[in-house]
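Two chains, two separate frames, one set of hints: put the complex together.
Just so you know, the protein sequences line up as chains A and B, in that order. With the first letter of the first sequence counted as 1, position 333 gets the number 333 in the numbering used here; the numbers rise by one all the way through. Numbers given in the numbering used here equal positions in the second sequence, counted from 1, plus 1000.
To be clear, the hints were calculated from the coordinates, so they are not data collected in a lab. In this text, a Cβ means the ideal position worked out from N, Cα and C, and glycines have one as well. A hint or two may mislead.
Said to hold, decoys possible - So these bits of chain B aren't anywhere near chain A, every CB distance computed over 12 Å:
{"id": "1", "residue": "L1039"}
{"id": "2", "residue": "R1044"}
{"id": "3", "residue": "T1086"}
{"id": "4", "residue": "K1102"}
{"id": "5", "residue": "R1118"}
{"id": "6", "residue": "L1134"}
{"id": "7", "residue": "F1141"}
{"id": "8", "residue": "V1150"}
{"id": "9", "residue": "P1151"}
{"id": "10", "residue": "R1165"}
{"id": "11", "residue": "P1167"}
{"id": "12", "residue": "T1172"}
{"id": "13", "residue": "R1217"}
What the hints assert, rightly or not - Derived lysine to any residue pairs resembling SDA-like cross-links, with alpha carbons at most 25 Å apart:
{"id": "14", "chain 1": "B", "residue 1": "K1214", "chain 2": "A", "residue 2": "L320"}
{"id": "15", "chain 1": "B", "residue 1": "K1214", "chain 2": "A", "residue 2": "P131"}
{"id": "16", "chain 1": "B", "residue 1": "K1145", "chain 2": "B", "residue 2": "T1127"}
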Amino acid sequence: MPRDVVPASRLRTRMTVAFIIVAGASAAALAAGSYLLVRESRLDDSFSRAEQATRRNLALAAEVPISGGAPGLRGYVESFQRERGVPAVLLLGEEVIASNPTLDVAIPAELRSVVARGEIGFQRFEVDGTPQLVMGGRPDAGVDAELYFLFSEERLFEDLADLRNVLLLGLALVILVSGLAGWAVAGRTLQPVATASRAARSIAEGLLDTRLPVGGRDEFGSWASSFNDMAEALEAKISALTEARARERRFTSDVAHELRTPLTAIVSEASLLREHLDDMPPEARRPAELLVADVSRLRRLVEELMEISRLDAGRTSVRLEPVDLRSLLGGMLRARAWESRVALEADEAVLQTDRRRLERIVGNLVGNALEHGGRDVAVRAGRDGTGVFVEVSDRGRGIAPEHLGHLFERFYKADPARTGPGSGLGLNIALENARLLGGDIEVWSEPGEGTRFTLRIPVT
Amino acid sequence: MDERVLLVEDDASIREIAAIGLGRAGFRVTTAADGREGLLQFRRDPFDAVVLDVMLPLVDGFEVCRQIRRDSRVPIVMLTARTDTTDVVVGLELGADDYVMKPFEMPELVARIRAVLRRTTGEEPQTILTFGDLEIDPQGFTARKAGRDVPLTATEFRLLLELARRPGQVLTREVLLDRVWHYDYLGDSRLVDVAVQRLRAKVEDDPANPRLVKTVRGVGYRLEKA
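Pulled out of the complex, with its shape left as it was, chain B reads as follows (with noise of 0.2 Å):
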């Protein structure tokens, strides 16, 4: 394994033990106490992943999840306190992958990491998928629109290649949750709503519209065949 994992926490020992957990668990762990010190830390060393507290001190994890996303495609996991619903929305449409609510036991932290790790879902086809002028190269783990690199995170590539593997076959959340996000029962199904919302603003001419992501009411999702 030996993954990078950068873990912000600004409370000592929820730091501390973490930090030993995640490295019985077979991680590289760098841990940072404050946001700013977090993004200092990001920037000077690569990660496989982030473990982001939301309340920080100095700089929030907010803040701290929407620099990361300016120019990195990190699998990012969100540690919140807060059972307010719209801090788990929040980070989510900032681009968090998933998150994990406080308390915690340390397996399940383990798992969500190895779970935004794992690159893939099954065997990938080998081929390039195209929609339209869009492109997806499942060996490269990258997308092209109209020529362009489009910046998923790895999130919502792994999304874009579920729907793209199944075009015009309707998706459920749960199934997507179990696929995407490696949850077999009771994920969160905001994750695959704004993470849908997120790819649809990469992928689609008008966001607004969806002709490519579509929405089927009361059930899921579906990618037209173009």
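If we strip away everything but chain A, and leave its shape as in the complex, we get (with noise of 0.2 Å):
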């Protein structure tokens, strides 16, 4: 079920983020601050001992006299490199002499002019593709010359490199590892969520005794107490709905059933009575007459009421048989003698349904049509796209808008001042008794002009 899902694993990922943000950025400020250290005093280092060395090599210099010439300088400059392993350049005049003569480097403007004030000058930079740091100064204050010394830092870069690697690998391996861990941490913090929304779609499916389990004294062990509590509340209450529900419903059962015994004896003996209506003295007669009708009506109160309390109780059974549709309805009309009074108009059409049902369906509702609507009953039956329809209409007065979403409430009635044989469960039972096969029933009415209401039951 992606409904509850895709939040919580939207929140996992949400707590997941959080925890990589915060390990990575600690980590990576922890790493640049700790790289930038190592740089400056890796650079400091150099530099001092670099200025060291130059001033060494300055001061020995200067021992040196100047004046003797290209040729004899470079033998010169070159034992800096033989005997110290620091290349050199020396810079007379226009003259440039190189302690190899394979090294070619242009120095700067900017810091010959520092070493043309007589101080000692520094700059950074690439020569054939190497870092160095190149110091120099004037080895004699009263010759125009300049010596500089070429100090590789190739290998303390390549370190600072190899340390930033380093750094970088072991950032990627917190970010991943926060990550992982984030994941494992916000599922086991978030696994009581997941858990009460379990619990609570099961609660919402009728699993009244759905339990939270309640571990340790943390925020979610109290709310899983606090959850148990409702949901113990929840059951007591719909237990002691549904038991006095299952209550009323045996009642009702149980008095239908005591009545029917007592029922059938009188049903019997106003039967009888009937046949000798004409033999009575007229004083006897007419009460004998409304008894014979009451008991009739009470005898279709008794007996709806069964039905209702059966199909409450779901014990009924739909028996599906081949029905001629056209030929039920015929027959339906004929026996309850209401040919004369009901048009029939059905097309030919065989379903697989049950006929007692279908019967009592539509048997309801002309008679609730005869009762109520009373004028040109008609019974209109067929086949359309979705199934069978059974239309019955009339031209009575019609009901008010007000009372037709009611209509199939039980002892609804729409006038209650009109008492007519109708129980009021006529149209309930119907209703039911559709649904059971799978239909339904609409009705449509428009005050003065009538009422129909159409079965449809769908044929697969």
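Right, here's the structure in full:
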């Protein structure tokens, strides 16, 4: 069910991302800080060693006269590289003397101007692709000569690059680990939420005895016990309601059942009495007639109550068999002596259904129409796109719109002042039976024009 | 008329009014108030039909029905108070011919008894009908399978005869309800189904795979021409 899975994992994702951001940002800050510190101190270190060497070399150089000309000086410059391992460059006017013939270095003007002022100058730049710290000064204040030394910082920058790579790798690891840890922790943390969501769903599905495990004394623990209290209360309430409803149904069923034996006697007695109405003395005849009529009214009411209680209890079975719609409707009207009062127009249609229930539904609808509608009661039946329909219409007074929605309620009477032979259960029974057959009943009515009930049963 | 009817019903009012009603309809009625008395009466005197309440003290209606059926084909009409549909089916499976739901009006009960008493459904063939090793004697109201008498109830015999009169032709449940049980409208088609089961149990070699009384799904039943 995506409805509940998506938000749960979204929350989990969000928690995981927060985890990654916090852990990643702290690790990145830490890494960047330590990198910068190391870099700074290594560069400082390299600088001070270079400065020391430069000063010492310049002091040595000051003892050698510069005037000897290029060839002599070359050997001198080369000696720095040879003996001290430091490549050197001597600028003498326009002349450039390098300690190594392959060394081709252009001293930047900036650096030269610092050196020209008699100070020791330095600059970092790449020579032939390797980073160098170039530092120089004037060996002899009197002569226009500049001596520069090249200190390679290749190792230093390589080390720094290694450090950077290690730190980046570490950062990536931290992010990965914090992501996994975050996902796991979020999962654990949200576990009670998922459990509670499942529990709530199973309660919604009717498993009222569902409870949450109450583990630990944290917020989730107290939440779980509140949830359980709620479920407990709900279960108690619902079972009380169910119990009351079952009692009520049992009572209806028991009453109807207990009524049945005396009713059977009365009905049989009344049916015999009816045959002798003509032989009775006039003063007894009318009461006897009324008695006979009321007995059949009582019979109908009790039978409908029994049917309702059976429908409520779900103790009903649907018996499918092929039913010829036209002959069923014709037979029903004949059996109830309604032929002369009801116009029947039915197409040929055979459907698999429960004939007694179908007969009951249409019988109740027609009975209702005859009782309330009165005029021009007609039954039209046939097949349409979705299945079979039976339409019962009259041209009576119609039903006011405010009553229309309540027509199928038990004992609902649109006009309380009118007391007919109807029990007030007929339409409800018709609808319940229609639903048992997989169908439904629609009603249309217009005051002054008439009413039309349409039973529809889908045919598969 | 003067057919003798045994009425077994425990409720005094129903018993008395039903006895009056059946008496007025021309039956000679004997009454019994419980199952044991009913069985005693049945064994003492011959009856043409039995009207039997389901809920009876001492011995219930089903048991009475079962015991009567052991050695009699007398038509039995059950009075069923319970609306449990299983009641109806149990009664029919035990061999009851028809049932009437309580409450009932006297004409209903009279009509049901007359229907089960009616022996024939029209002009009967004079000759004995033969289907394989099954012989049906319409005049003698008996059937023999492989030379031995088949103990059919009146209703089962009428059902068999009705099917045998039109071999190979499918008869719908409604037609059978009309001709065998005389319901012109809205008879319970379970009457037919249960009676067919009982008939098969007696005339088929293997009732689970009937070769004589065939079901035509969604329509009805047919007797094979042999």
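Structure-based check of each hint:
Non-interface call for B/L1039 relative to chain A: holds, since the shortest CB-CB distance, roughly 22 Å, exceeds 12 Å. Look at B/R1044: its CB is around 27 Å from the nearest CB on chain A, clear of 12 Å, so calling it non-interface holds up. Consistency note on B/T1086: stated as away from chain A, yet its beta-carbon is not over 12 Å from all of that chain's, at 9 Å minimum. Consistency note on B/K1102: stated as away from chain A, yet its beta-carbon is not over 12 Å from all of that chain's, at 4 Å minimum.
Against chain A, the non-interface label of B/R1118 holds: every CB pair exceeds 12 Å, the least being about 20 Å. The non-interface label for B/L1134 is consistent with chain A: the shortest C-beta to C-beta separation is roughly 28 Å, beyond 12 Å. With a cut of 12 Å on Cβ distances, B/F1141 stays outside the contact zone with chain A, its closest approach being about 30 Å. No Cβ of chain A approaches the Cβ of B/V1150 within 12 Å, the least distance being about 28 Å, so the stated non-interface status holds.
At roughly 29 Å from the closest C-beta of chain A, the C-beta of B/P1151 stays outside 12 Å, upholding its exclusion from the interface. With 12 Å as the threshold on Cβ separation, the claim that B/R1165 sits away from chain A holds: the shortest Cβ distance comes to roughly 23 Å. With a least beta-carbon separation of about 23 Å from chain A, B/P1167 lies farther than 12 Å from that chain, consistent with its non-interface assignment. Its closest Cβ contact with chain A, about 8 Å, brings B/T1172 to no more than 12 Å, contrary to its assignment away from the interface.
Non-interface status of B/R1217 relative to chain A is broken: a Cβ of that chain comes within 12 Å, the nearest being about 9 Å off. With a CA separation close to 19 Å, the supplied pair B/K1214 and A/L320 stays within the 25 Å bound. A C-alpha spacing of about 106 Å is found between B/K1214 and A/P131, which places the hinted pair above 25 Å, so the restraint is violated. Proximity of B/K1145 to B/T1127 is assessed by CA-CA distance (about 16 Å); at most 25 Å being required, the pair is judged to hold.
Hints 3, 4, 12, 13, 15 from the list above are not met by this structure, while the remaining hints are.
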